[in-house]
Each structure stands twice: as structure tokens, then as C-alpha cells.
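**Q** Protein chains in written order, with the numbering used here: chain C, 1215 to 1509; chain H, 30 to 223.
If you are wondering where the hints come from, they were derived from the structure by calculation, not from laboratory data. Some clues are possibly wrong.
Partner residues are not named here, just some residues of chain C that face chain H (Cβ under 7 Å, in silico) [stated by the list, open to error]: (1) Phe1286; (2) Trp1363; (3) Ala1372; (4) Thr1434; (5) Ser1457.
Quick caveat, the model's predicted, so the values are computed rather than measured. Each residue gets a CB set at the ideal place from its N, CA and C atoms; glycine is no exception.
The lines below spell out each chain.
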Amino acid sequence: MGLEGHPTATAPRREAPVADAVPGLPLPALRRGSAPALLTQADITAEIEAEHAVSAGLRARGLAVPATRNDFAPYRSSILRHPTKDPVQADPEAVELLAPVFGERDVHALEADLTATGAGEPVGERIVVTGRVVDGEGRPVRRQLVEVWQANAAGRYAHRRDQHPAPLDPNFTGVGRCLTDDDGTYRFTTIKPGPYPWNNHRNAWRPAHIHFSLFGTQFTQRLITQMYFPGDPLFALDPIYQSTTDPVDRELLVARYDHDVTQHEWCTGYRWDIVLTGTHRTRLEEPAEPGEEHA
Amino acid sequence: MSTAAARPTPGQTVGPFFGYALPYAGDAHLVPPASPGALWLHGSVFDGLGAPVTDALLEVWQAGPDGRVPRASGSLRRDGATFTGFGRCASDGEGGYGFWTREPAAVGPSARFVAVTVFARGLLHRLLTRAYLPPRDAAEQAALQRDRLLGGLPPERARTLLATREDDGSVRFDVRLQGEGETVFLEHDPPRTP
């Protein structure tokens, strides 16, 4: 199956005529560099710059622009999958003002250590990633589920569709879960993922990242996003990272190195805080949950 | 609302490789399949050409038949008895999805619906929508007619949020990401202006 993921050697799939410059192209052709149909990085970079100018122009006129634009053609797979109509503003109803509850029976403490899933140690740079999940008012999101998944140190996912010719690591699946604590803090032990090629355009590479899935206290806060590492040279080239068109917002996707998280002769540490959208309790005069903090 | 609201962390696409990470055993079975009183809530996800989206992930969140919003844990480790109100389903090779769940009752005066979140490769930020359940009686019909969201939409747009009863008693809700019959997607926060 042709995927935007890594180059694959399988049959073409039905996709946008424009977007279909990539899927289905045999891997050997990619390797030989004989793929004239593929857009170059320069083409994509020019498109990114043009889209950023559009966003900046709207903001300059005082118009709202989503932090991440679903309509962002440099990411080719988005072309047929982004809604064309504006989202409809809706007051959340009672069910949307609460979120699913996860507890100790859902998540085992060991699931927060991605290096402990195999018989031995995974290859790569051992890291701890930690931070707080808070809502738009700064209140901690307590006892809530955080899920992560990532490529291994060589840039390969333990996913059957990932055909990037980099080694799988028998001691690393790259999947973890945890619950935040009473301060909203999550903490994972893992290895630093590698960058990897994908087939959005010729010589396209994703910056190293960890996928994060988050729940808030209200279902409207549901978020899936990606955490990046500071100083990645691929940032400017990546249409997914750049689909967040304001540089201030993009910075929010980047963890920072934190030497206080780094552990002596064991691992380096990164800190990444996550802010979910504001809650609607005040507007709808919802009573606060017991024990809730109002800072 | 607080005046000093922090800037939210932006979303990014779920990508193509969530399939070994987010789905879990029993994820789409809020109740045991085909158990007494179970509802089969199903549909397909389509792109702008009407082609099935085979790498989407849908989540549902809903009240139970008692009209209460579940507060029980256990969605990731189903015990077969507790209704947690949350389910997750990756779309299949034909773009289809399906949940075994219960008919929700309305919570308060609103019409009854299942909250739905859509993620997919190619979708940079998740989409929120509602699947309104077909009315079973005059009271539920009246609730639909006075629903604030549906009432504010042109009829052809409102129709995209109305799940339909199939002959076998199941309920169908298709998601069209783009184009003809594009599903109404929701935003619950006022758009941020600079």
C-alpha cells in the first residue's frame, strides 16, 4: 500500500492526481534518483513560504488562522482530506464538557518505560521526556491518559507498513502510555528517535519526533500532536512541522534540553509542557469538580 | 475565563504509523459485541474524491442509556460489564469503522448524540463532530428539532450530522472529510485572533 510514510515498493493507490506524484513509485527508482515526477525540496520549501505568507497576511488583517492549518498543500496527503468549509462554532453540551476517565487498571506503571519492553536494552540514546499537561487556564490535567509512539534510533517504526530500509530493534517497539500525576506531570523513559525519509517529495525527511496523544478534562480538549527536539536541521524543510504556520506556535512543539532531568551516567533529559485549550466551565457556569484548583 | 489564557499546544497529524500504537484489544467494543441491548454504530470515512480513507482513527464519547456521562475507568482494559462511554476504532481496508455500544439517552434538554473525533493520515489537526442518533419517539424528535447546533445550520448541512437507522437496527454515520456532503465539523473555542 502506498503511504506517505516511507517509500514503498507496492502498488499505487487511489489518491489525488496532484498528491499522487509519490505513492506507488518503486523504491529502486527512488534510490537511483531517477524520479523526475517528484517535486524537489526547493519546490516544497517555496510552497511552504507562500502558505506562511498567506497565514501572516490574514493575521496582519486581524483574522483568525488555525494554529495548525488542515488546508496545507505542501503536505500532499492533506489535499483531499482537509475540510473546505469553516468549522462551526458550537457551545459544548454536557457530554463534551467531560472526558473519559482512565485509571490504574487501564495503564500499568511499566508502560511509561519504552526501554523495558524487550529482553535487552534498545539501541540508541536513552532519554527521559517529562513535562506537565495543563489546560488553558494553567490548571493541571490530573490522572489523565498520555499515549506516545515513535520510531527507533534508526528512524524505523515497528509498523508493518514501514518499509524504510533501516534496522528494526528487537528491544524497542516505541509505544508507551502513562497517567499524569496530581500535578499534571507525565514522564517517559525512551530512546531518542531518528529522522526518517518519507515520500511527500524527493529527498523528504521528517525531523525526529515523538507522537503524543492527550486527553483533557473535557472531550473538546482532545489532542494528538508531535514533540520535536531542539535545533533540528530539518525543521525548515518539513511540511508537517511547518503546517503550524506561526513561528511562536511552532516553538511550542519543541522540547527543551533540561540538565535537571538528565541523570548522572544514565540518560539525558528533555522537558516538554503541553497546554490544552481552555475549558468552558466559567462560560457555562458549570460547578467546579471537587478538589479543583482555581489558581 | 481567565484573562491570561496560555497559548495552546498546536495539533499535528496522527501520521501513517499509529496502527501499532493507538488501537488496543476491545477498543471499539464499549459493550460485548452483539450482547443484549448492544447498538452497532458504524459507517465509512471518505475523502474529497469519495474514496474510502483506510487510515483514519475514530473515537467516540457518549452518555449511557441512563442519560449519565460515564465516570468509570476501564476503557483500555474492558471488563465486559462497565460502560465507560469511550471507544476507538481504526478504519479498515474499505474505510469502514464500527463500534459496539449502547443507545445513549439525552443528557438534559439537548438531543442525544455521540461525540466523534476523527484523526487520519493527511489530516493535520483532529476534527470534532457529533453523530445525532435517530429519534425513537416524539420527544426525541422534538429534541432534535430544537437542538441549538442543528437549528443554526442549513438543512443540507445539518443532515450530515444525522445518523440513520438501518433495516437491521444498526445506526450508520458516514464521515466525509471534503467536498459533496462534507460533514459539519465543530469548533468549541472562539478562533484566536492576533
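**Q** Each of the hints needs a verdict: does it hold here or not?
**A** Verification of the supplied hints:
1. Phe1286: 6 Å, holds
2. Trp1363: Check passed: Cβ of Trp1363(C) comes within 3 Å of chain H, closer than 7 Å.
3. Ala1372: 6 Å, holds
4. Thr1434: Thr1434(C) check passes; min Cβ-Cβ to chain H is 4 Å, inside 7 Å.
5. Ser1457: 5 Å, holds
When held up to the earlier numbered hints, the structure conflicts with none and fits them all.
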